[in-house]
Amino acid sequence: MSFVLAELYIKTALFAGESELQQLLNIFRLLGTPNGRWPGVSKLPNWDEYPQWSSESLVSAVPEMDSDGLDLLSKMLQYNPSKRISARKAMQHPYLQILTRFVFETTRGEFSQ
Numbered sequence: 001m002s003f004v005l006a007e008l009y010i011k012t013a014l015f016a017g018e019s020e021l022q023q024l025l026n027i028f029r030l031l032g033t034p035n036g037r038w039p040g041v042s043k044l045p046n047w048d049e050y051p052q053w054s055s056e057s058l059v060s061a062v063p064e065m066d067s068d069g070l071d072l073l074s075k076m077l078q079y080n081p082s083k084r085i086s087a088r089k090a091m092q093h094p095y096l097q098i099l100t101r102f103v104f105e106t107t108r109g110e111f112s113q
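Using the UniProt record's numbering, you'd call the opening residue of the sequence shown number 1 and step up by one each time.
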């Protein structure tokens, strides 16, 4: 869901690449190379061959997104699954609460199935 959320703003793939390796490198460029943030990653085969990048600000990738959206996106894009926001907590996040209220108000509570 995090990719879709960001891609709605930027109207292109967040981690575009012509191969799995290129996509992985694009993820590392934005989020930083995982290292200690992903337990055991340094023990993976050939891990020492990957470039080591620091994380960039998500606003550089999704400049039109507001601070609540960027906060939710950062919580969704955590490498370590135990630190990633759950679907239940994401639905309670202020960004989605505002969005849900907007949709409800603009449709007068009438959702088509």
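Note that these hints are calculated values from the structure, not bench results. Just so you know, not all the hints are guaranteed correct.
[Claimed, not checked] List time: in silico DSS-like cross-link candidates among lysine-lysine, alpha-carbon distance up to 27 angstroms:
1) K43 to K75
2) K89 to K11
3) K43 to K11
4) K75 to K89
5) K43 to K89
The structure presented is a predicted model; accordingly, all values stated were derived computationally and were not measured.
Taking the hints in turn, this is what the structure says about them:
Under the criterion of a C-alpha separation no larger than 27 angstroms, the hint pairing K43 with K75 is consistent with the structure, at around 25 angstroms. Our distance criterion of 27 angstroms between C-alpha atoms is met by K89 and K11, whose separation comes to about 26 angstroms. Note on K43 and K11: the hinted pairing is violated, with a Cα-Cα distance of about 36 angstroms set against a maximum of 27 angstroms. Proposed proximity of K75 and K89 is supported: the alpha carbons are some 10 angstroms apart, at most 27 angstroms.
Between the alpha carbons of K43 and K89 the distance comes to roughly 31 angstroms, so the proposed pair goes past 27 angstroms and is violated.
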